[in-house]
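Residue numbers (the numbering used here), protein chains in the order written: chain A, 1 to 431; chain B, 1001 to 1431.
FYI, nobody ran anything at the bench for these hints, they're computed from the structure.
Bear in mind the structure is a predicted one, so any value in this text is a computation, not a measurement.
For each residue, glycine too, the CB sits at the ideal point set by N, CA and C.
A portion of the hints provided could be inaccurate.
As the list claims (entries may be wrong) - Capping the alpha-carbon separation at 16 Å, the derived lysine to aspartate or glutamate pairs in EDC-like fashion look like this:
no.	chain 1	residue 1	chain 2	residue 2
1	B	Lys1088	A	Glu87
2	A	Lys88	B	Glu1087
3	B	Lys1088	A	Glu34
4	B	Lys1088	A	Glu37
5	A	Lys88	B	Glu1153
6	B	Lys1165	B	Glu1148
7	A	Lys88	B	Glu1037
To be verified - Here are some chain B residues the structure puts well away from chain A; computed CB gaps all over 12 Å:
no.	residue
8	Glu1034
9	Gln1080
10	Ile1142
11	Leu1194
12	Lys1267
13	Thr1423
As the list claims (entries may be wrong) - What the simulated footprint calls covered on chain A by chain B, stretch by stretch (three residues with Cβ under 8 Å from a Cβ of chain B suffice, anywhere in the stretch; the number is not a length):
no.	segment
14	29-41
15	67-78
16	84-96
17	119-133
Protein chains: 2
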Amino acid sequence: MVPHLVTALSGPINELEQRILESMPAIERWFRLEWMEHTPPFYCSVDVRNAGFKLAPVDTNLFPGGWNNLTPEMLPLAVQAAMAAIEKICPEARNLLVIPENHTRNTFYLANVLQLKRIFHMAGLNVRIGSINSEITEPTTIQLPTGESIVLEPVVRSQYRLGLKDFDPCTILLNNDLSAGPPGILEDLHEQYLLPPLHAGWSVRRKSRHFQSYEEVAKRFGKMLGIDPWLINPMFNKCGEIDFGEGAGMECLTENVDALLSKIRRKYKDYGINEKPFVIVKADNGTYGMGIMTVRDAKDLEQLSRRTRNKMAVVKDGQAVTDVIIQEGVQTYERMHDAVAEPVVYMMDRYVVGGFYRVHPERGIDENLNAPGAGFVPLAFAESTRLPQPGEKPGASAPNRFYMYGVIGRLAMLAASYELEATDPEAETYD
Amino acid sequence: MVPHLVTALSGPINELEQRILESMPAIERWFRLEWMEHTPPFYCSVDVRNAGFKLAPVDTNLFPGGWNNLTPEMLPLAVQAAMAAIEKICPEARNLLVIPENHTRNTFYLANVLQLKRIFHMAGLNVRIGSINSEITEPTTIQLPTGESIVLEPVVRSQYRLGLKDFDPCTILLNNDLSAGPPGILEDLHEQYLLPPLHAGWSVRRKSRHFQSYEEVAKRFGKMLGIDPWLINPMFNKCGEIDFGEGAGMECLTENVDALLSKIRRKYKDYGINEKPFVIVKADNGTYGMGIMTVRDAKDLEQLSRRTRNKMAVVKDGQAVTDVIIQEGVQTYERMHDAVAEPVVYMMDRYVVGGFYRVHPERGIDENLNAPGAGFVPLAFAESTRLPQPGEKPGASAPNRFYMYGVIGRLAMLAASYELEATDPEAETYD
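Same shape as in the complex, but just chain A:
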């Protein structure tokens, strides 16, 4: 089931698709060379939006949930990619400890954890789930609506290692984005592989830092392909020292929103795009679709409702918001049964292993879809027709569109790799 791309102006994206398809060997080689210099994040999911005239990533998740949304057809690809990842990082590993988010009642999330367990078991590891939730004090079995069950066990910390009772893993896979900062129990584990590393957590990550890297990646990729990088790059500004509760720092926000809207307007004019520009203001350390608002006019910021201010002031795990990123809004013109849809691309190691559409029947094309009420529809990614079909008319072939999404997803993953190198506290510096 492939969403229909409903847009008057699809010329630019069809040209991009054609260019990407024709350049497939060059693109794949470009990625190969990049991965010789840079290490991909262990796993990753990327939200992509397709405006018909522009295609861009809008969020890159280094602790992806939602693996349970991938179809069974995609699992063999995920297992094969997991094997490749393990082989490179820790071929001698026997045991893998997965550290999930602290939710114990979100069975949808727990189904995701069970799917990860299944993937890494098939890839050849003994997998157990270690909770850092203080409520989990003994092995706890939770029944899922699917009929399956999952066992969460309390982690046990020794001086240098983390494990479970009678289970000493050589690798620890984080599926917890550490919004509240890494708990002490995860620090100074120098004898074990911790994947992704602690500085990939949201207490260190900043969206603006990621999109700065993405801009660099998009420029280099655009140059290689001979395209305007704007076609795949959402422009952005940022502001610090904001207090939404007190209304402090709003001048910076107003000015930057206004400036970015003007820049977008000029781009739209150059391309003959007859759309109303908008920006998305997001908490720079936000996740879980929290701390996000759509702004269509800088004046709107003067009259933010109390509800919106509250929503913007605090994100996951009660973290206060002081820094925001103001990002060029990219409409999503894909629709599934009248509901607005955006593709989410899943990657493991350097491989695209699948994806799905996030669909929200109550949201507009210029709004965040990662919100309660969203549904998930597997992409046709890994189905029989998934491989690109050279020679198809641009815009007419779903596999070709998905290949293009996979390229954009990998560009964002590469940006995350640049970002993690730049923020690595243990990086060697050459003064």
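With the hints as your guide, set chain B onto chain A.
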């Protein structure tokens, strides 16, 4: 569509399946460690036979054809594995030259070449087909019954490199088994990667050398798993200096057939197997299903027909047979619509990417199926249910049976890796 396993005695294979499934993480780790020490052949297919009481590889092809028999569902796995292989061997490669067999009229074979071209194109290489057939003197387009067409181009040799007009590949993929010996045009290419290497060709390879390595692999694997390696290892002897035309060397053959039949009889007795043992006599350098006969009693060798002698005397490309391997026969008890079937497992780099059943309606369970009249039915390998299903009753789950076949296929691939190391003319020797 999964063939039915029709056999009275399936206990041992069900135990083996259960053991293999329970030990999945240990098995995958064992392979990971092996691949740290040994390089997998670039690609490989393995014929497997399932006798219910025994499961064994009977032939390992290092220049696999038949890629066109894999279903579209399996292609993404093949592409991902090809990406992994290229990344390791030649990440900077732009161009790949495929050297096929010299047949220009076998459109079924050419469809296989086209499939390989597609896989490596998707993996990110510019792929062209260079023929070493002296009849191809200019670019030649051949129409296939599928409606597709393939272009064969004459290779161009310079002092150090091989290529096509205006096409300089940094990697050359052989899909030609070099039965007649490597042509001079392929020798001394020290600036280009030649995959697989020349000594993987049938002018150098010997089946007995391969099964010697396989025996070593099976013993080590059996020890790890705690099983009798005979359950997965076909015993063998060999004879040299045979002339089937003149009848020379037949005493050696008779003695060895008799000795091996006795050994099999003892094993059958130990396991309570009520079957008639048989051996397969094969040209030690044979391929394409040529030079193979089934022997049920050493006395039968005294009265070989002229036709059988002729068939055994010469194999592919007119190579005379002087050396034979006498291999324990493994019945195949799988059947598809009453026709005898044997699984063929396909691998790229270290990954199982798919497979199919070779089915022959006119052959018996103790005969070679690789013969004119054989048909091909894709295995359910890469379909949604492909991943093993822990907890299923042994013998009841097709995915579990295929996982077991994939393990056996990889053991044979590992044996090929040992074999190629032992026969590498450029290997460093430490005296």
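Checked hints:
Of the pairs offered as hints, the one joining Lys1088/B and Glu87/A holds, with about 12 Å between alpha carbons and a cut-off of 16 Å not exceeded. Distance hint between Lys88/A and Glu1087/B is fulfilled; the C-alpha atoms sit about 12 Å from each other, no more than 16 Å. With a C-alpha separation of about 14 Å, the suggested pairing of Lys1088/B with Glu34/A holds against the 16 Å cut-off. Taking the CA atoms of Lys1088/B and Glu37/A, the gap is about 14 Å. The hint holds against a cut of 16 Å.
For the proposed pair Lys88/A and Glu1153/B, the alpha carbon gap of about 38 Å is over 16 Å, so the pair is violated. Taking the CA atoms of Lys1165/B and Glu1148/B, the gap is about 23 Å. The hint is violated against a cut of 16 Å. For the given pair, Lys88/A sits about 14 Å from Glu1037/B by alpha-carbon distance, which is consistent with the 16 Å threshold. For Glu1034/B, the condition that its CB be more than 12 Å from all CB atoms of chain A is violated, with the nearest at approximately 10 Å.
The Cβ of Gln1080/B sits about 6 Å from the closest Cβ of chain A, inside the 12 Å cut-off, so the non-interface label is violated. Taking the minimum C-beta to C-beta distance to chain A, about 19 Å, the non-interface status of Ile1142/B holds against the 12 Å cut. No Cβ of chain A comes within 12 Å of the Cβ of Leu1194/B; the nearest lies about 20 Å off, and the non-interface call holds. Residue-level check passed: Lys1267/B sits 31 Å from the nearest beta carbon of chain A, beyond 12 Å.
A cut-off of 12 Å between C-beta atoms confirms that Thr1423/B is not in contact with chain A; the least separation is 26 Å. Residues of the segment 29-41 of chain A lying with their CB closer than 8 Å to a CB of chain B number 6, which satisfies the three-residue condition for coverage. As drawn, the segment 67-78 of chain A meets chain B at 6 residues by the rule of a beta-carbon pair under 8 Å; at three or more, the given contact holds. Three residues within the 8 Å Cβ limit are the bar, and the segment 84-96 of chain A against chain B gives 7, so the coverage statement holds.
Residues of the segment 119-133 of chain A with a Cβ under 8 Å from some Cβ of chain B number 6, which satisfies the need for three, so the listed coverage holds.
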